[in-house]
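Quick mapping for you: the protein sequence lines, in order, are chains F and Z.
So in full-length UniProt numbering, spot 50 of the first sequence is number 50, and the numbers just go up one at a time.
So in full-length UniProt numbering, spot 22 of the second sequence is number 22, and the numbers just go up one at a time.
One or more hints might be untrue.
In silico DSSO-like links for lysine-lysine, alpha-carbon gap of 30 Å or less [unchecked claim]: (1) Z:LYS283 to F:LYS125; (2) Z:LYS136 to F:LYS15; (3) Z:LYS76 to Z:LYS208; (4) Z:LYS133 to F:LYS11; (5) F:LYS7 to Z:LYS136; (6) Z:LYS199 to Z:LYS101; (7) Z:LYS101 to Z:LYS282.
If you want the ones that stay clear, here's a sample from chain Z, every Cβ over 12 Å from chain F, calculated [stated by the list, open to error]: (8) GLY87; (9) ARG158; (10) LYS175; (11) SER178; (12) PRO188; (13) LEU210; (14) PHE238; (15) LEU262; (16) VAL395; (17) GLN430; (18) GLU482.
Since the hints were made in silico from the structure, they are not lab data.
Glycine included, every Cβ here is placed at the ideal spot set by N, Cα and C.
For reference, the chains in residue letters:
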Amino acid sequence: MSTFAAKRLQKEMAKIHQGLAPGIFFVNSPNLQHWQMDIQVLDSNPLYAGKTFRLNFRFSNNYPIEAPEVTFIRAPDREIPMHPHIYSNGIICLDLLSSGNGWSPVQSVESVCMSIQSMLTGNTKNERPEGDEAFVLREGRSVRDIRFVYDDPTV
Amino acid sequence: MAMSSDEEYGSDQMMSDDELDADSLGELAGNLDSDYDNDADDDQFLENMRDDKPQKPAYEVDYTTLSDAELRNKQKEQVEDVRHILGQPVEQTAILLRYFKWQKERLIDKYMDDPDKVLEDAGLGAEWNDDPKLEKVRGFSCDICCDDDAEMNTYSMRCGHRYCADCYKQYLENKIMSEGESGRIQCPTDGCSRIVDSKTVRLLASPKVLARYGELLNRTYVDDKPNLRWCPAPECEFAVDCAVRQTELHKIIPTVVCNCGLRFCFGCGHNDHQPCPCALMKKWLKKCEDDSETANWISAHTKECPKCVSTIEKNGGCNHMTCRKCKHEFCWVCMGPWSEHGTNWYNCNRFEEKSGEEARGQQAKSRASLERYLHYYNRYANHDHSAKLDKDLYVKTEKKMTSLQSSSGMSWIEVQYLEAASTALQQCRQTLKWTYAFAFYLQRNNDTYIFEDNQRDLEMAVEQLSELFEKPADQLAASRKEMVDKTAYVGHRRRILLEDTANGLRDERWQFTTDIR
Ligand SMILES: [Zn+2]
Ligand SMILES: [Zn+2]
Ligand SMILES: [Zn+2]
Ligand SMILES: [Zn+2]
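Here chain F stands alone, though its shape is the one from the complex:
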C-alpha cells in the first residue's frame, strides 16, 4: 500500500479509536486496506429497527483521491438490508462511492458510513433494485467495473 493512503488510513484509524458517530462501529481490519464496519439505523424505521448491518471497505493505493470499494456483506446475524438501491449481493448503488461522480477526497470511512446510514433511514420501500436477480447472476465482476446510472436524485 502506498505511504500516501497508509498515512491517511492510520490517521482515520486513530480518530476512530477516539470515538465514532452514533450507530457506527468499527469491527476489524485484517490489514490496512481492508476494513469492516457495522452500522445501525437510529430511528424506528420498521425495515431496519433492531438490526445491524456489516460494511466491507477496500482501499486502493490512491485512497482518498479515489473512492473506496464499499459493499454490504453477510455474517452471522448480519443480513443485506432491503433497499431499492442495494442489490442482494451487497453492492450499493450510491454516487458518493463512484470516483468520477460524487466522491470527494474529503470523505472518510466514517462519513461514508453516515451517508449509507441516512440512505437507509430515509427509505420506506421494502424492495431490491430493478433487475436484481439478473445483476446478481453476473458474478465475478469487480464493483469498479460496474457503471451505475444515477437517475434517482432522492438518494
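Got chain F; can you put chain Z with the ligands on it based on the hints?
What follows is chain Z with the ligands alone, placed relative to chain F:
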C-alpha cells in the same frame, strides 16, 4: 439451382473492373435501371428517383469529417470572432467560450448584461491576473492527507478550500489522467462547485499531466457541440460534423463513414445499423443480452444434416448447405430442403404468426413469443456469423487469386472484383442483420409486405453471391463476370431496401410495437 431472380436480372451488363469499389457501386444503379422494369416495387422506387434526379438517397445524410488540426482551427476561428466583441485576450476568451459550451450568442448576451459576473463564474474574476501561488500556513491541517506539518506548501482557489500542494496535485492528476476530465474539474471539497482553472493546473501539475490536460481540453470542443461526434474507432482521431439532432432519431438514421473507414451511426455512435432506428437497435441489443441464455443454442455453429444426421460445420457464409455424406441440399437457417427455396424463400425470412387459438393460455403465449423472438434472432445472428465467414473465405480466396494471377496472366486490376464482391457482401449482411431487428418490432400492415419482399430479394441476392465465393479458386476466374454482375445487383437491392425503409421512417409510415422516440 434456378432462382427466380436470375430471370429478372439480365447478366449482360459490363463494367470495367476499376469501377467496382464500394463507392462507385452506387453509380452503377443508374446503368441498371432498364433491367428491373418488370418488378413492381422497383418501378415505384425508380419513379421516385426520376422525379428529382439530383436528390441524394433518403438514407444518406450530409456530413464532413474533421481532423485534429481542423478542430483546433475551428476553435481558433471562433475565439478570434468573439474576442474582438468582448475585448478580451485570446486565452480568456477561450475559457469563456468553453464555459458557455461554445454557444457564442449566449456568451455575448450574458457578457453584455453583466461582464463581472460572467468573468467571476468562469473563474476569470478580478484575481485572474495575479499568478496563483503556493503558501505555507501556520497551524494548517490538510483534510485529505491529515498532515499538519508547518513547513508544507498549501494551495486554495478563490473558494478558500485549502489543501496541501501534494494532495491537490494528486487530486488533479487523478482527475486528468484516470478520469479524463479537463474543463469541469471541481474543487476537491465535497459540494463546492468551483471549477479548477487552467492557471491552477499549470501551477500544480507535472508537464506530462499538463500536456494531457491541454489535449483533453481540446477534445471537449467536440463533446460540447451537438453537431460533432468522435469517431468511435479505437485510436481514431477524427470527428464527424453532422446536423442531425438527437430529437430526430426516430425519423432518420444518420449513418456516416469516417476517414478511417469506419461506418457508424452519428446519432448513437454504434456501428452502422441501418435500417433499424437507434432506439430499436438499443432495445434489440438489450433484449439479446437478456435472452442470451435461451438464445445460446442457436449460436452453436454445427448442425446435423436433416437427412443422414451426420454433423456438418458451416464453413462459408452461404446458407445453401450440401451434406458431404448424403449430398442432401438444405437451408442452414430453417433446415428445410433447399429445393423449396427457389420459389418459396418466404419460409426463411418471414415468421408466420401463430394462430390466435394456439396463442391462448399464458404458457402457449410465452412460448409463442419466445419462438417469435428466436425466429428473428436466429436470422440476425446468422448474418452476423456469415459476414465473418464470408470475410475469412475472402482472405483465403485472395491468397489463391495471387497465385492464379501469375498462372493465368490476369493483372492485379483484374482480380479487384473479388475485393469489391467481398466488401459488398459484408455491407449487405450488416444491413440484412439489422432488418431482422427492425422486423421484430414492426407492426404488420400493408407496407410491411413491401419491406419483407425487399428483405427477401436482398437476402436471396446475397446468398447467391456468397455461394460464388465457395467455389474452388481455379473455378473463380471463370465466374468472374457472374460475380461482377451479382456484386452490382446486391448493392442495388440494398439501396432499394434502405430507400424504402428510410422514406417510411421520414414519413412516419412504419408502426412499431414499441416507442422509438
Ligand atoms: Zn494533504
Ligand atoms: Zn472549494
Ligand atoms: Zn475513424
Ligand atoms: Zn444509431
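To see whether the hints hold, each was checked on the structure:
Simply put, LYS283 of chain Z and LYS125 of chain F have alpha-carbon atoms about 28 Å apart, close enough for the 30 Å limit, and the pair holds. A distance of roughly 25 Å separates the Cα atoms of LYS136 of chain Z and LYS15 of chain F; the hinted pair therefore holds under the 30 Å criterion. A C-alpha spacing of about 24 Å is found between LYS76 of chain Z and LYS208 of chain Z, which places the hinted pair at or below 30 Å, so the restraint holds. Taking the CA atoms of LYS133 of chain Z and LYS11 of chain F, the gap is near 28 Å; set against the 30 Å cutoff, the hint holds.
At roughly 21 Å between alpha-carbon atoms, LYS7 of chain F and LYS136 of chain Z fall within 30 Å of each other, so this suggested pair holds. A C-alpha spacing of about 20 Å is found between LYS199 of chain Z and LYS101 of chain Z, which places the hinted pair at or below 30 Å, so the restraint holds. Of the pairs offered as hints, the one joining LYS101 of chain Z and LYS282 of chain Z holds, with about 28 Å between alpha carbons and a cut-off of 30 Å not exceeded. Non-interface status of GLY87 of chain Z relative to chain F is upheld: no Cβ of that chain comes within 12 Å, the nearest being about 37 Å off.
Residue-level check passed: ARG158 of chain Z sits 18 Å from the nearest beta carbon of chain F, beyond 12 Å. Not every C-beta of chain F lies more than 12 Å from that of LYS175 of chain Z, the closest at about 9 Å, which undercuts listing it as non-interface. Non-interface call for SER178 of chain Z relative to chain F: violated, since the shortest CB-CB distance, roughly 8 Å, does not exceed 12 Å. Its closest Cβ contact with chain F, about 5 Å, brings PRO188 of chain Z to no more than 12 Å, contrary to its assignment away from the interface.
LEU210 of chain Z, annotated as away from the interface, keeps every beta carbon of chain F farther than 12 Å; the closest lies near 18 Å. Taking the minimum C-beta to C-beta distance to chain F, about 26 Å, the non-interface status of PHE238 of chain Z holds against the 12 Å cut. The claim that LEU262 of chain Z is not at the interface with chain F holds, since no C-beta of that chain comes within 12 Å of its own (minimum 24 Å). No beta-carbon of chain F comes within 12 Å of the beta-carbon of VAL395 of chain Z; the shortest separation is about 34 Å.
With a least beta-carbon separation of about 28 Å from chain F, GLN430 of chain Z lies farther than 12 Å from that chain, consistent with its non-interface assignment. Here GLU482 of chain Z stays apart from chain F, with its beta-carbon at least about 49 Å from theirs, past the 12 Å limit.
Checked against the numbered hints given earlier, this structure breaks hints 10, 11, 12; the rest are met.
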